Each structure stands twice: as C-alpha cells, then as structure tokens.
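Chains as they are written, first to last, in the working numbering: chain D, 1 to 302; chain Z, 1001 to 1338; chain B, 2001 to 2324.
Worth double-checking, as some hints may not be accurate.
In silico lysine to any residue, SDA-like type, Cα no more than 20 Å apart, as pairs [stated by the list, open to error]:
1. Z:Lys1041 x B:Tyr2107
2. D:Lys132 x Z:Ile1077
3. D:Lys132 x Z:Ala1078
4. B:Lys2257 x Z:Leu1131
5. D:Lys208 x Z:Gln1100
6. Z:Lys1265 x Z:Glu1329
7. Z:Lys1135 x D:His200
8. Z:Lys1282 x B:Asp2224
9. Z:Lys1144 x D:Ile20
10. D:Lys132 x Z:Asp1037
11. D:Lys208 x Z:Pro1136
12. Z:Lys1187 x Z:Pro1029
13. D:Lys18 x Z:Arg1149
14. B:Lys2087 x B:Tyr2107
15. D:Lys18 x Z:Lys1140
16. D:Lys208 x Z:Leu1138
17. D:Lys18 x Z:Ser1196
18. Z:Lys1282 x B:Asp2200
19. Z:Lys1144 x D:Glu19
20. D:Lys208 x Z:Thr1133
21. Z:Lys1140 x D:Glu19
22. D:Lys18 x Z:Glu1167
23. Z:Lys1187 x D:Gly203
24. D:Lys18 x Z:Lys1265
25. D:Lys208 x Z:Arg1097
26. D:Lys208 x Z:Glu1137
27. D:Lys132 x Z:Leu1076
28. Z:Lys1187 x D:His200
29. D:Lys37 x B:Pro2019
30. D:Lys208 x Z:Ile1143
From the structure, some residues in chain B lie toward chain Z, with a derived Cβ separation under 10 Å [stated by the list, open to error]:
31. Gln2191
32. Leu2222
33. Lys2257
Calculated from the structure, these hints are not laboratory results. The structure displayed is predicted, hence computed values, not measured ones. Beta carbons are placed, not taken as given, at the ideal position from N, Cα and C, and that holds for glycine.
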Amino acid sequence: MMNKSEKTALLQSASAAKEIEGRSLWRDARIRLFRNKAAVGSMIILGIITLLAIIAPLLSPYAYDQIDWGYIQEGPNWENGHIFGTDGNGRDLFIRVLYGARVSLAVGLLATAVSLIIGVTYGAIAGYFGGKIDSIMMRFVDVLYSLPFMFFVIMLMVVFGRNIFLIFVALGAVEWLTMARIVRGQTLSLRRREFIEAAHATGVSNFKIIFRHVIPNVLGPVIVYMTLTIPQVILTESFLSFLGLGVQEPLTSWGVLISEGAKVIEASTWMLIYPAVFLALTLFCFNFIGDGLRDALDPKDR
Amino acid sequence: MTVMTTAPDKRDNAPILSVRDLKVHFPIPGKGLFAKDRPLKAVDGVDFDLYPGETLGVVGESGCGKSTLGRAILQLIAPSGGQVAWLGKNIVGIPHRDMQPLRRDLQIIFQDPLASLNPRMTIGEIIAEPLVTHKPELGKDEIKTRVKRMMARVGLLPQMINRYPHEFSGGQCQRIGIARAMILEPKLIVCDEPVSALDVSIQAQIVNLLQELQREFDLSLIFISHDLSIVRHICHRIMVLYLGNVMELADRDSIYANPKHPYTKALISAVPIPDPEIERNKERIVLTGDLPSPLSPPSGCVFRTRCPFAQEKCATDVPTIDRVSETQEVACHFHNSI
Amino acid sequence: MTTNHILTVENLSTRFQTPDGEVEAVNNVNFHIDPGETLGVVGESGSGKTQIFLSLMGLLAKNGTSTGSVRYKDKEILNLRPRELNKIRGVSMSMIFQDPMTSLNPYLKISRQMTEVLVEHRGMSEAEALKRAIAMLDRVGIPGAAQRVHMYPHEFSGGMRQRVMIAMALLCDPEVLIADEPTTALDVTVQAQILDLLRDLQTDFNTATVMITHDLGVVAGLCDRVMVMYGGRVVETGTVRDIFYDSHHPYTEGLLKSMPRIDRANEDNMFAIPGQPPNLQNLPTGCAYQERCGYVMDRCCQERPLLKDFGDGRASACFREDGQ
Chain D
1 MMNKSEKTAL
11 LQSASAAKEI
21 EGRSLWRDAR
31 IRLFRNKAAV
41 GSMIILGIIT
51 LLAIIAPLLS
61 PYAYDQIDWG
71 YIQEGPNWEN
81 GHIFGTDGNG
91 RDLFIRVLYG
101 ARVSLAVGLL
111 ATAVSLIIGV
121 TYGAIAGYFG
131 GKIDSIMMRF
141 VDVLYSLPFM
151 FFVIMLMVVF
161 GRNIFLIFVA
171 LGAVEWLTMA
181 RIVRGQTLSL
191 RRREFIEAAH
201 ATGVSNFKII
211 FRHVIPNVLG
221 PVIVYMTLTI
231 PQVILTESFL
241 SFLGLGVQEP
251 LTSWGVLISE
261 GAKVIEASTW
271 MLIYPAVFLA
281 LTLFCFNFIG
291 DGLRDALDPK
301 DR
Chain Z
1001 MTVMTTAPDK
1011 RDNAPILSVR
1021 DLKVHFPIPG
1031 KGLFAKDRPL
1041 KAVDGVDFDL
1051 YPGETLGVVG
1061 ESGCGKSTLG
1071 RAILQLIAPS
1081 GGQVAWLGKN
1091 IVGIPHRDMQ
1101 PLRRDLQIIF
1111 QDPLASLNPR
1121 MTIGEIIAEP
1131 LVTHKPELGK
1141 DEIKTRVKRM
1151 MARVGLLPQM
1161 INRYPHEFSG
1171 GQCQRIGIAR
1181 AMILEPKLIV
1191 CDEPVSALDV
1201 SIQAQIVNLL
1211 QELQREFDLS
1221 LIFISHDLSI
1231 VRHICHRIMV
1241 LYLGNVMELA
1251 DRDSIYANPK
1261 HPYTKALISA
1271 VPIPDPEIER
1281 NKERIVLTGD
1291 LPSPLSPPSG
1301 CVFRTRCPFA
1311 QEKCATDVPT
1321 IDRVSETQEV
1331 ACHFHNSI
Chain B
2001 MTTNHILTVE
2011 NLSTRFQTPD
2021 GEVEAVNNVN
2031 FHIDPGETLG
2041 VVGESGSGKT
2051 QIFLSLMGLL
2061 AKNGTSTGSV
2071 RYKDKEILNL
2081 RPRELNKIRG
2091 VSMSMIFQDP
2101 MTSLNPYLKI
2111 SRQMTEVLVE
2121 HRGMSEAEAL
2131 KRAIAMLDRV
2141 GIPGAAQRVH
2151 MYPHEFSGGM
2161 RQRVMIAMAL
2171 LCDPEVLIAD
2181 EPTTALDVTV
2191 QAQILDLLRD
2201 LQTDFNTATV
2211 MITHDLGVVA
2221 GLCDRVMVMY
2231 GGRVVETGTV
2241 RDIFYDSHHP
2251 YTEGLLKSMP
2261 RIDRANEDNM
2271 FAIPGQPPNL
2281 QNLPTGCAYQ
2291 ERCGYVMDRC
2301 CQERPLLKDF
2311 GDGRASACFR
2321 EDGQ
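The task is simple: from the sequences and hints, build the whole structure.
Right, dumping it as structure tokens:
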C-alpha cells in the first residue's frame, strides 16, 4: 500500500507532469491496417479511380454526351483522343466510364450511408432495449426482408419514374436491414457487458448509453460490413441498369456501359472490357479493404 | 494506523439500508409449447440491515444468487418482491425519475476490471461520466481537476488521464473502476467480487484501498465474494447465501470462531490455508455433490441434499432464522446439536 | 546419462513474436520431476508458469518458439513433430486445464471422447475401452458413471466436468500429469473435492504431478516441491517446507505475507506487494522484481541475480544470498 509521502509525491506530479496521450484502439487498428499491403494498395487504387471520376471533365476533350460523328463504335485510338474507343452513338468511352464511375461510386457510398444511419440506430435500439421492443422491431425487419426486392424497385420506378435518387432510396432501404441485424446482434452481447451495467448504475440515460457506449463498440463490425456493402450496392445498381431499371440516358453507370458492351461483345470487345475492368477492380479493392479492416479491428481472429 | 475491526456501533445509527424479504425470480420458459414459465428463484427472501461505515460480506458459491442480490439492491435488476429501504424509504418499484438522484449515492464495482471499462473511452472520460451525468453544472476544468484528484487518491498517476483501459494492468483497471465509483462520494458501494480476477499480490492492494476509502468517506460496503479469507479481512458482518436463501448472518468474529450452520462450517473448512502443517492436518467437512438446480430447489431446507447432518425434518420443514446470540443468526433446525 | 527423473527440463526458453516485438515468456528454466512427486509451480499471470508446460507439450501458440531441452525419461521431446509427440502426450504425459470446456469437444459424447484415446493408443476394442472409461469415471467420483458416460460435456456441472477431464487424463495411466489451475474456476467446496481426488489418485497411481497455480493454499496442501516463477524466470525452488517456513527470495516472502488467511484475524492492513506485475515486453535491466522489492540495492538495478543453488534442490535468485 502507499504511504503518505508517496501520495503527496503523486499529487505533486499530478500538477507538474504532462498528460500522456493514450493509444486508442482506433489508432492501433489504423496502424495494423496500414501494415496490410493488399489493403493499402487497394486504397491507393480506389483513390485514383475516385480522383479520376472527380476530375473527369478535365481529362478528355470530349463531353460524356457529345457525339463524335466521325467515329461511331470505333476501337481505342490514341491519335484522335478516344483512348477507350467510342460507343455505338459515337460518344467517347473513356469519359463515359469515368462518368459511370461517378454514378456507381455515388450510389455505392450514398446508399451505404443511408443503410448505415438507419441500420445502426435501428439495430442498436432494438438490441439495447431487448424484450418486446426488440421482437416487434425485428419482426418488422423480417417482413421487409421477405418482400421481393425487384418487385419493390420496379414498383418505385413505375410510380415515380426513373430517377437516380430513387435508386439510392431503394438500395439503402434494402441494405439497412442486414446492417440492423448485425448491429442488433452485437448490441445484444454488448448489453450484458459490465461497462454498460456500470453506466446504468450511475444513472446515465438510455439515449446516452446507446450513443456513448454501445455504438462506438459496434462500429468495428459495422465498418467491415460497410466496406463489403459498398461493392454489393454497386453491383446491384449495375444489375438494375443491366435490366434497364437504372440511370437514364445520357447519364450512365458501369452497369449500363457493361450492358451496352455485352450486346456488341463480338464486334466491339472494348465496350465491354473497359467498364468491366473498372467495375471488377473497384469491387476487388473494396473487398481487400474490408478484409484488411476486419483483421485490423479484430486482431484476435487472425 | 488503526483499523475498524468491529462494526460501527449500531445503536447510535439507523441502518442506511434495510432489505426485507427480497425476492428475485426470473421466469424460465417451460418445456413444451404451452408449458407455463417456471420461476428461477435466484434470491428468495433475504433480510438484512446495513449500517453507515459498515462492510457486509455476502459469500456463497457460484449460483447462490449473491451477484443478483447486489444488483437487486441497486435496482439494476427489478426485484420480484420484498422491500429495499434506502435511508428509510422503499426504492423497489419507484419510478425511474425518482431513482435517478439516488444513484449518486449507490455505486458498484465489478469483478472483471477490464470488461467494466468502455474500451473506446479514455480513463478520464470513464471516471468523469458519473460527474457529467449528475453534476453537469460543473465546468470542464472543474471536472478534470476532480477526476485527477480522485485518480491520485486511488493510486493512479493523474497524467495517465488520456490513456485507454487496455493500456493498464488488471489491478490498475480495478483502481479506475473504484475511482469511477468514488467520484460522486457515494454512501454505499456494492463490490461484486472486486478482487477475484486479480493476482494475489494485487488483491491486497485493492482491499487496502477499499478500506482506506471506507474510513475516509464513511462508506458502507456490500462485499460480494466467494473467497472467505478475503472476506474475513475486510468485512464486519458476513451473510452466507445458498440457493438464494440466507444460511447464516453473523459478525465476523462469531462466524469464523464459531460457525453454526453446517454449510458455513463446510465453506470455512474447505478454504486452503497457505501453511503446509496446518493445511495437511486440519479437520475438514467435505460436502458431497454439486449445487442443485435453482429451478427445482430441494424441499424444506435447500441445503439438505448436501448436508452431512440432514435428517427427516429437513426435507419437510423450512428452517426459520434463529437468533443464537446478539450478533449471530442461523437458519438450521439442528444448529444446537451439531 | 541415465537418471531416474521422469522429466528433465534444461535451459528452456520460450519466445513469442508479436507485432510489438519479441516477448520472452520463459527464460532459461531448469527443473526435473521424479516419479510420484508433486511439483508446485507458483506465479502470477504472465510469470510464464503455464507457457513452460505448453512448450513441452507442444501446445504453444503459433507465434511461439522454444529452445533448450526437455527429456521424457531419456527421450528428447522438445520441438518433436506432432506425430511423434502424440505417442507421448495424452498417453505418458497428460495435461488438464482451468477450463475443462477448452479440451472437451462439445459436440461429442463423453464416451466417444474417452474411448477414442484407448482404441487409438492401447489397441483396445470399443467395448473394452468403454468399460475402462466407465471404471475411470467411477474412480474420479462421478455418480452413475455407466449412464453419464453417454452424456455430452455441457450436461455436466463445472466440478463434474473437471472430474471428467481428470478421468480422461488418467485413462492411459500417464506417468506425468500436468494440472494448470485445475480448481481456479471452481467453488471452494468443489475445489476441496477435486484436491482430495488428486491426492488420492496420486497415492493410487503414483503419478508425478505438476500443479500450476497461483494459490499458495493449494500448494501447501498438495505439493512436495515448489518452484516460484517471476517475470518468466525461476526465482526460488525448494521443498514445500523450505518455501513456506524459510523462504529466501523477497518475492516468495511477499507472496506468502500477502495471502489472506482464513485461520487468522488480521487486525491491521493487509500486507501488499507494491506496484504491478512486470511487463514482459519491457523488463528492467537487472532483477525483474526490483521495483516491488523491499530489499532493493543498487546492484539489483544493474545486473540480474542468477539462480544460486544451495544443494538439496534449494535455490534462490537474489543478491541478498551473496551479501551474508
């Protein structure tokens, strides 16, 4: 045990000593993530694709909806500036792939953000309160789950017309269900943890417990799931576009481009290959990042 | 330094906490689709008083309901029956709003020191949380000053305020837990096995710290533990629980010198003594078998299935709690003859 | 060289590679076990007491490596291939753990888990093996063994599970039984039953037992010799009486004094060893115990005291021994 002089020494050092910065679990995870070569490589590639998508208009002399009557459905050609070639309407494929990247990435990020906000809040509330509240909330999720997604999307399109905003809503509305289930599961096990009980015993309000104690501790799996949701959403959007339910001409997405390319696969391979390569590369990158994050956030599983 | 070895004088003080016939029954879904729920009687009619500045030990084996009892007292688990009177007023079933201000005086310390701290918060934030919750009017600087003062008081370097729980050892984490419980200067702390997850060399540090804090702040402690040697050291009175029932309640000297209940005797004799001569030659009462399921407790005396002295009467009659002396109560039909 | 030691450990060191650098969990440990004796290995969490035995059983985590020598009778067994090691571990050398569920398969009946070993290593028929399994369960005090052998691990209580573990460990009549905190997770009354059982079994089977524990009370009741570990090294060894009545090392002394005792009313504060257990990643130069030691001298912070042998298996690693 401590004697008096030690205690005073402690007290004195209290005022004198500089506060030491701690190593948060987030920082540890970041360090581990940056040690993962595949994840870092993926982040760099994704960064480049995103950057290209943002500055797209500066990179090409052509606009995405500009028709070059001299070159209709021509292969890649460095001399005339159509480095990825042109499509059946004589539009530059390079700039269209980058505009497609804008739409695909935006759909991926926004729909995931929607699912994140709704799913995390919903799941945390259901899991934290448990009992009847949990049963009712999760049965509602089950009901939504059982609705046929395609039917839902087609209905939306029929009623409100084709609209890029609707795609965000439709995808977000579906993706949050899984997110809510994941968060609820995590919260259920977290609820029994002693630090939550300690907060209860102190009289911290439920709202604050959820936002201060529960959500920060479920973010690990949530972030991992998020990085895996983004490619899933991009893929679903592509699939919708492939079916003709996606974005409207002249705007485009990778799905639309692939769909167009697939129709002329024998005559003009480039129309399929370029958008497909970009899509595949992006999906790979997100998956590698997700993997890296999982290892970084939960080192026990390695 | 002198240590209070006897309980504070009860006659001068009203009890700070009175527990009467406290019951916690958990409904367990019955087998079969339409079967009724069966009650799991985790705590089944517990009575005791706790006086200011006193430490009550609650001992028993796992599954005896001691942790449930501690949480039921703090209203963290809603009791199914009985009363908990805090400073003379019943707090069982009172609205959340009325309970809130009382939480300032009622705190808890947990067994697993690391699990009881939010891994995403700095220890400064953890210790400050009760202050932020109950005294938001204090400014940031004042809260920080108080947190640092409390850290120093429990033996933590105040410059560690921005560190995270995983950067500390088990003993230090328990000190953080104690600082959080002490920051509002409560009147009662329920200590749920506070040292059993710690190394032997650290246990004594934490026990000493708790005793110092108790003297300094006139704290009452409910010390839940399965370790009877620690309990002998820190507690003034000891309550022995078995399957949610009180077997014996007595002051420390009586219970260790002269245990009346066969279960208490068995518990005490089962604790290994770190001295080869004594340990190898001591007399022991060895209990056979395991704890029965609390879903179907034995009839009569709940201890009878493992009691070496059980007789017919034990299966039929529930023993009442007999007061054998001023300081000792026991629930056994035959405490005089065994 | 032939000895009658059943297990001889020489210069055993175990290191772990972690992202934050190398950790030396066990450092240059030497000891031996004779038939029929009980060795107590005492230390705090992180003292390396468990890692010694995981090393010699070939059960280290993947990032761990061991060097040195471990001989079972005259056969070198450290870093043996798993196939070779399996002829010894579980047969001649068994280990039981604090949490029995870690070594019982929850999806298999006890009967299956017990007979498997016998059929594999002893070439018994299923029927013979089952008979022996039941006999062994009966021996460790499981009532209704013939019926309960067909149950799943989760159908047993904690104490019963530990008995099942002990029965499994003893199935092939091992010559060495390593028990890693076998009673820590159990209640005191059940702990007393298990300790009684281990004592009985030892007289019946003459098994050499290693008792890894932090509880000096358990050591006092069960062990013949004691080895005290601190910071990955052995700091003191001796017979149980040497250690308890005439400890040389300040850590042993502190540990004994800080044990709460049920047979004494303490009228004063408890004795506590100050400070925290050492961080193996960041051990100080010199003696690992210096920061917590009441007898610390300048020399302790500069060089590390070596384990000094006094004969008769008595040794201590402290400079105070030189100063006399």
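Do the hints match the structure? See the list:
With a C-alpha separation of about 30 Å, the suggested pairing of Lys1041 (chain Z) with Tyr2107 (chain B) is violated against the 20 Å cut-off. As the CA atoms of Lys132 (chain D) and Ile1077 (chain Z) are separated by approximately 17 Å, the hinted pair is consistent with the 20 Å bound. Between the alpha carbons of Lys132 (chain D) and Ala1078 (chain Z) the distance comes to roughly 17 Å, so the proposed pair stays at or under 20 Å and holds. With a C-alpha separation of about 38 Å, the suggested pair Lys2257 (chain B) and Leu1131 (chain Z) falls outside the 20 Å cut-off, and the hint is violated.
Between the alpha carbons of Lys208 (chain D) and Gln1100 (chain Z) the distance comes to roughly 14 Å, so the proposed pair stays at or under 20 Å and holds. At most 20 Å may separate the alpha-carbon atoms for a hinted pair to count; Lys1265 (chain Z) and Glu1329 (chain Z) meet this at roughly 14 Å. With a CA separation close to 16 Å, the supplied pair Lys1135 (chain Z) and His200 (chain D) stays within the 20 Å bound. Straight-line distance between C-alpha atoms of Lys1282 (chain Z) and Asp2224 (chain B) comes to about 18 Å, which keeps the hinted pair within the 20 Å bound.
With a C-alpha separation of about 15 Å, the suggested pairing of Lys1144 (chain Z) with Ile20 (chain D) holds against the 20 Å cut-off. A threshold of 20 Å between alpha carbons decides the hint, and for Lys132 (chain D) with Asp1037 (chain Z) the separation of about 17 Å falls inside it, so the pair holds. For the hint pairing Lys208 (chain D) with Pro1136 (chain Z), the CA-to-CA distance comes to about 14 Å; that is within 20 Å, so the pair holds. Proposed proximity of Lys1187 (chain Z) and Pro1029 (chain Z) is contradicted: the alpha carbons are some 38 Å apart, above 20 Å.
Between Lys18 (chain D) and Arg1149 (chain Z) the alpha-carbon distance is near 15 Å, which keeps this suggested pair within the 20 Å criterion. Between Lys2087 (chain B) and Tyr2107 (chain B), the direct Cα distance comes to roughly 25 Å. Violation of the 20 Å bound is thereby established for this hinted pair. Note on Lys18 (chain D) and Lys1140 (chain Z): the hinted pairing holds, with a Cα-Cα distance of about 18 Å set against a maximum of 20 Å. For the given pair, Lys208 (chain D) sits about 19 Å from Leu1138 (chain Z) by alpha-carbon distance, which is consistent with the 20 Å threshold.
The suggested pairing of Lys18 (chain D) with Ser1196 (chain Z) is violated, with an alpha-carbon distance near 34 Å, which exceeds 20 Å. Distance restraint check for Lys1282 (chain Z) and Asp2200 (chain B): the Cα-Cα separation of roughly 17 Å lies within the 20 Å cut-off, and the hinted pair is therefore satisfied. For the given pair, Lys1144 (chain Z) sits about 12 Å from Glu19 (chain D) by alpha-carbon distance, which is consistent with the 20 Å threshold. For the suggested pair Lys208 (chain D) and Thr1133 (chain Z), the alpha carbons sit about 10 Å apart, so the restraint of at most 20 Å is met.
For the suggested pair Lys1140 (chain Z) and Glu19 (chain D), the alpha carbons sit about 16 Å apart, so the restraint of at most 20 Å is met. Pair hint Lys18 (chain D) plus Glu1167 (chain Z) holds up; C-alpha atoms about 17 Å apart against a cutoff of 20 Å. The suggested pairing of Lys1187 (chain Z) with Gly203 (chain D) holds, with an alpha-carbon distance near 15 Å, which does not exceed 20 Å. Distance check on the hinted pair: Lys18 (chain D) and Lys1265 (chain Z) sit about 54 Å apart at the alpha-carbon level, beyond 20 Å; violated.
Taking the CA atoms of Lys208 (chain D) and Arg1097 (chain Z), the gap is about 16 Å. The hint holds against a cut of 20 Å. Our distance criterion of 20 Å between C-alpha atoms is met by Lys208 (chain D) and Glu1137 (chain Z), whose separation comes to about 17 Å. Simply put, Lys132 (chain D) and Leu1076 (chain Z) have alpha-carbon atoms about 19 Å apart, close enough for the 20 Å limit, and the pair holds. Restraint check for Lys1187 (chain Z) and His200 (chain D): the C-alpha separation of about 17 Å stays at or below 20 Å, so the hint holds.
Between Lys37 (chain D) and Pro2019 (chain B) the alpha-carbon distance is near 15 Å, which keeps this suggested pair within the 20 Å criterion. Our distance criterion of 20 Å between C-alpha atoms is met by Lys208 (chain D) and Ile1143 (chain Z), whose separation comes to about 19 Å. Annotation: interface hint on Gln2191 (chain B) holds; nearest CB of chain Z at approximately 7 Å, less than 10 Å. Below 10 Å, beta-carbon pairs count as interface contacts, and Leu2222 (chain B) has one with chain Z at about 9 Å; its hint therefore holds.
For Lys2257 (chain B), the interface hint holds, since its Cβ comes within 10 Å of a Cβ in chain Z; the closest pair sits about 9 Å apart.
Violated hints, in rising order: 1, 4, 12, 14, 17 and 24; the structure is consistent with all others.
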